[in-house]
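Chains as they are written, first to last, in my numbering: chain U, 1 to 226; chain R, 1001 to 1239; chain V, 2001 to 2223; chain B, 3001 to 3050.
Don't take each hint at face value.
Listed next, the stretches of chain V that the computed footprint assigns to chain U, with coverage defined by at least 3 CB atoms under 8 Å from CB atoms of chain U [unchecked claim]:
1) 2126–2133
2) 2138–2152
Below are the BS3-like pairs computed for lysine-lysine, each with C-alpha atoms no more than 30 Å apart in a straight line [claimed, not checked]:
3) B:Lys3044 with R:Lys1213
4) R:Lys1213 with R:Lys1024
5) U:Lys78 with U:Lys21
6) V:Lys2137 with R:Lys1213
7) R:Lys1024 with B:Lys3044
8) V:Lys2137 with R:Lys1024
9) U:Lys78 with V:Lys2137
10) U:Lys78 with U:Lys22
Simulated from the structure, these hints should not be mistaken for laboratory data.
The C-beta atom is built at its ideal place from N, Cα and C for all residues, glycine as well.
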Amino acid sequence: MTLPRQILLLYRKDLRVEVRKKESLIAMAFFGVLIMVILNLAAGLDRRLQAEPAAGVLWVAILFSSVLGLGRVFAREKENNCVAALLVSPLSPGALFAAKALVNFTLMSFSELVLVPVFFALFGAGLQPGLPVLLLLLALVNIGFSAAGTLLSALAAGTRRNEVMLPILLYPLCLPLVALAVKATGAAFGGRPMTEIRDLIESMAAFGLIYAAAGYLLFSHAVREA
Amino acid sequence: MPMVEPFLRVERLCKAYGGLTALKDVGLTLEAGGFLCLFGPNGAGKSTLLKVLATLLPPTAGSVRVAGFDLEEHPEAFRAQLGLVSHQSFLYDDLSARENLEFYAALYGVPDPSVRAGELLERVDLTHRAHSPVREFSRGMQQRLSIARALVNDPSLLLLDEPYTGLDAHAAIRLSRQLRLLHEAQRTIVMATHNLERGLDLATSVGILARGKLVFLQRRDQIDPEAFEQLYFRHLEAA
Amino acid sequence: MLKRFDPFAVLALVGIPGAAATVFFYAPLERTMGVVQKIFYFHLGLAAAAFLSFFVACVAGVLYLLRRQRVWDERGTAAVEVGVLFTTLVLLTGSIWGRPIWNTWWTWDPRLTTSLILWFIFTACLILRSAVEQEEKRAVFCAVMAIVGFVDVPVVFLSARLWRSIHPTVIRSEGIALEPAMIVTLAVSLAAMLILWRALFRLRCSIQRQENTLLDLQQQLQR
Amino acid sequence: MERATYLILAYMILWVGIAGYLTWLSGRQRQIARRLEELNAQIKRREVRS
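Kindly produce the complete structure, drawing on both the sequences and the hints.
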């Protein structure tokens, strides 16, 4: 079977489980909204946030909530040790990585469908939505975060404390991505044109590319031991 | 005896974890259609041997060939021959029995996954529960489905790692019947188990592993089942 | 403790006091920063050794995954651990240097940011190490983490730069003009720190190796 | 604070850090020696028995 078909098969299987259970998506969206409400209270009830701190709030909510979904997506393969059956099959581990990363990407995108509108409702006063730029930035962060997250969730799933380990491993790696995203989104909310943040966008794309490549190459080592 | 390549040939197989040797110089052969039963206490290396045979663990030294394909030279062709059953079901709890089988059949590139899934469900007598999620199945039903799953690619070599674990008496009898049918259909089978009685009942060859070494290997028809228990413990103590 | 003395340990015992003497008695006093500038020599040496350490950890990780030899795991562990120690010291000394000079304990200078993020990544690697029991699995996981951690470095540095270029600040760490005597001192302390790193690294490797052998013996006896 | 204080503080942290690490390592080394002795005793006991 060709690589794209393998990826598609795994992707459809995971989405089917997700559509049936909806556990990850509901948890992600709920927790994300909760974080934003908490931050809204913490910022002071009638204070209006500047563009950049507001962008920070958005990314904190998205990244802290999506780590819940990332952990589940790989842990599901471990439940009845299905990952062993996948490794015995003709499937290439690279396809497994790509499929899981795509699932994570999809989950993040869907939870953002809830989180972004809620964000604008809570913090939107005085911000330019800058929708095309915002969509591009969301896509780039989703790519980078799901690529790095997929690789590390395989590591975390092999440890005794899966839920604790994943954020500990993942957030330090993603710090530069977060910093860039906050900067770029802040600029977009401030109504500045896309040309001004081209450098930032390029670096974010580089991050995604680097971790997609590293994940594709290293994933087989990680799953074999997990 | 003419010198034909036996179906399964394991030569001087070693597996070390760090400084701990889990398998030491294991060598065995099994003709096509044979049923090898491996006995041994926990930690003797049964599971490790099956994992190496299943390509889940790379051997430290030695070679394994199935139907002429070497495990390290042609892993793809080697894997295509394999079916694996363990006490873990390898099934997705949230998918139905049919969906599980269709997924694995498609993974192996079976031309018509849904037809294949239907056949297999029929064979393990689960057609009536085809659309229930696996989560709702009893342990025995899961094990039957798990065998059906291992058969999606029509493997010539079936590896069974402690398949009796967690089954009640009724389910265990059913499993034995199922395995006998598979054996009669000329599949080569390697099974690791604690259950001396059931193992002897099915096997054509019997091996005993102790401390990573294959200390005993004989054809079943040369063994007196009455005396086997004694023989088993004698070999363990000697090791 | 050590039967055979590691030549690097002996060199370090001579080299470190020597470098300290050079820093305090040979190097001239910097005009604007004064005596505090003397932190800089060892600070830079530590930073270079820490960075080298993470590089070694990454290379050891790659070699472990390719060859699966225990020795590469031992080296990887030692490199990560010594690297984290050195980065901790870099961050602390840097912060103490920054306080009187820049009037702040912390600033998001690209180099500081990079060190801080590397510290986080490799400390996470140490935590990962403590969370896995089986030796082979632990080795593979740490190798993967060390590789992805080091691969992050260019992006970290780039992002730290871009972060700053939008928010320009007056502080510049590269504006120090060095007199020849200062360069000599710098070279001496850099060499001393690298020797110290090598000695610590070898010591840590040998302890790891002994622990592994000991575990093997124990397991063989229990069988 | 006097500038020299910062200098002294920095160097103290530096040497205390490295000394602390060395102490910790020597602790591990001692533990290895202790476990090695235990193993030796264990082996001797086995030899006596057999």
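Hint check:
no. : hint                     : in the structure
1   : 2126–2133                : holds (count 5)
2   : 2138–2152                : holds (count 10)
3   : B:Lys3044 with R:Lys1213 : holds (26 Å)
4   : R:Lys1213 with R:Lys1024 : holds (5 Å)
5   : U:Lys78 with U:Lys21     : holds (17 Å)
6   : V:Lys2137 with R:Lys1213 : holds (24 Å)
7   : R:Lys1024 with B:Lys3044 : holds (26 Å)
8   : V:Lys2137 with R:Lys1024 : holds (21 Å)
9   : U:Lys78 with V:Lys2137   : holds (15 Å)
10  : U:Lys78 with U:Lys22     : holds (19 Å)
Violated hints for the displayed structure: none, as all numbered hints are satisfied.
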